[in-house]
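Novice: Residue numbers (this note's numbering), protein chains in the order written: chain A, 1 to 230; chain B, 1 to 123.
It should be emphasised that the hints constitute simulated quantities derived from the structure, not laboratory data. It should be emphasised that the depicted structure is a prediction, and the values quoted were computed from it without experimental measurement. Be aware that a few hints might be false.
[Claimed, not checked] Below 20 Å or equal to it, Euclidean Cα-Cα: the simulated DMTMM-like pairs (lysine to aspartate or glutamate) are:
#1 A/K171 with A/E202
#2 B/K48 with A/E83
#3 B/K2 with B/D76
#4 A/K171 with A/E199
#5 B/K48 with A/E202
#6 A/K28 with B/D61
#7 A/K27 with B/D61
#8 A/K64 with A/E142
#9 A/K64 with B/E18
#10 A/K89 with A/E199
[Unchecked claim] Covered stretches of chain A (chain B as the covering partner; in silico rule of three or more C-beta atoms under 8 Å from a C-beta of chain B):
#11 11-23
#12 67-74
#13 84-94
#14 107-117
#15 130-143
#16 156-169
#17 175-189
Built from N, CA and C at the ideal position, the CB exists for glycine as well.
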Amino acid sequence: MHDFFSQSVYFGALATFGFYQLGVYLKKKTGLAIMNPILVAAVIIVVLLKVTRTEYADYNAGAKYITYLLTPTTVCLAVPLYEQFELLKKHRVALLTGITSSVIISALLILGFSVLFGLTHEEFVTFLPKSITTAIAMGLSEQLGGYVSITVVAVIITGVFGNIAAEAVLKLFHVTHPIAKGVAIGSSSHAVGTAKAMELGEIEGAMSSLSIAVAGVLTVIASIIFSMIY
Amino acid sequence: MKYLRQIIIILFISFLGEVLNYLIPLPVPASIYGIVIMFGLLVSGRLKLSSVKETSHFLIDIMPIMFVAPAVGLMDAWDLIRGSVVQYLVLILGSTFLVMGLTGVITQLMLNKGSAKGGEDHA
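Using the sequences plus the hints, can you model the full thing?
Specialist: Dropping the structure here:
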C-alpha cells in the first residue's frame, strides 16, 4: 500500500482537491473561521502521509502541477484590481495612506519581534510577507531566501486570526468608519480577513479586497528594503 | 476558442514576468512583474477586460487550492521550527493585532481630515 501511494501519479492531486472540497463543506456547515479549507486539507493530508508513511516529495510529485498554476493566477489578480479601479481612484488619499502605513508598520513590527527573539535573517524574511495574499507572499519569501512552507502557514494563521478578531480589535481601537474598517482588515489579514469584512458590510468588503492587491504590491517594495536591514 | 486565447495571453504575460525576473537583479517575483504588466495593459486600454476576464476569474476562484501542497510542505520543515513555535505565534498574532488596529486608526484620521476639508472621501 505504501509503495502504491508513493508511485501514484494522481494521488497527490486528488487528495489536494478532494480534502479542500471537504474543508469547504466543513466551513459552510460549522461557520467557524478555524475551519479554513486550506488548513483542513493540509492537516488531513499530513496525517494521511504519516499514516501511509508516504514522503512529502512523493505526494508533491502529483500536487506540484496545481502549484504550477500559481504564477499565472497571481498575474490575474490585476483583473479584480482593474475592476475596482474607480473605487480606488475615488478614495485614493485615505486608501494609499492607510495601506502604506499598514505595510510599514507590519515590517517594523516583524523586525522588532525578530530582533527581540534573535531570529535569523532567513526566519525574518519568512515572516515579512505574512500579512499579504499567499500568492505574492510565497513568491516573495522564495526570492528573499525564506522558508516558503512556513510563510504559507504564517499567512493562513494571520488570515484566520484577522477574521476571528477583526470586530473586537476595531472596537478596541475605536475604528468605526466603514472605509477604515475595510482597509484595516484587508491590509492586515488579506482574503481570509476580507471574508469577515464582507459580513460587516458592502463598503467594508470592497475596501478590504481592494487593499489586498495594493498591500501585496507595496509589501514587495517594503520587504526588499527591510530584508537589507536585518 | 475564447478560453484558448485568454490562456495564451495570461501565459504570455507570466512569461514576460519571468524574463524581467531574470534580467532585473531584484528579488521581485515574476508574478509581480506580471500583475503590473497586466494592470498597465488594462488601464491603458491596450488589453480589453473581455480578453482575459473569464479565465482570470476561474483561476482566482480555485487559487486557494494551490496553497494546500506548500502548506503540507511544513511537515518536512517541522524539525527545523519545532523549538521556535511559540515565538513564531507571538510574532504572527502580535503583529497582526497591532497592524490591524493602527491601520484602522490612521485611515480613519485621514478620512476625517479629508471630509473636514470637504475632500473627496465620503462613506
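Novice: Is the Cα-Cα distance between A/K64 and A/E142 20 Å or less?
Specialist: Status holds; Cα separation ~16 Å.
Novice: If you look at each residue in the region 11-23 of chain A, do at least three have a Cβ nearer than 8 Å to any Cβ of chain B?
Specialist: holds (count 5)
Novice: Closer than 8 Å Cβ to Cβ for three or more residues is the test here. Does the region 84-94 of chain A pass it with chain B?
Specialist: It holds, with 5 qualifying residues against the three required.
Novice: Are there three or more residues in the region 67-74 of chain A whose C-beta lies closer than 8 Å to some C-beta of chain B?
Specialist: It holds, with 7 qualifying residues against the three required.
Novice: Against chain B, does the region 107-117 of chain A show at least 3 residues with beta-carbon separation below 8 Å?
Specialist: Result for this restraint: holds, n = 5.
Novice: Between the alpha carbons of A/K27 and B/D61, is the straight-line distance 20 Å or under?
Specialist: Holds, at about 16 Å.
Novice: Has the given pair, A/K64 with B/E18, been kept, meaning a C-alpha gap of at most 20 Å?
Specialist: holds (18 Å)
Novice: Hint check: B/K48 vs A/E83, CA-CA at most 20 Å. Holds or violated?
Specialist: holds (12 Å)
Novice: Regarding the pair B/K48 and A/E202, is the alpha-carbon distance no greater than 20 Å?
Specialist: violated (27 Å)
Novice: Would you say the region 156-169 of chain A counts as covered by chain B, given the rule of at least 3 residues with C-beta under 8 Å?
Specialist: holds (count 8)
Novice: Is the Cα-Cα distance between A/K28 and B/D61 20 Å or less?
Specialist: holds (16 Å)
Novice: Quick check: the region 175-189 of chain A, covered by chain B? Criterion 3+ residues, Cβ under 8 Å.
Specialist: The restraint on the region 175-189 of chain A holds, since 13 of its residues have a Cβ under 8 Å from chain B and three suffice.
Comparing the model with each earlier hint shows violations of hints 3, 5, 10; every other hint is respected.
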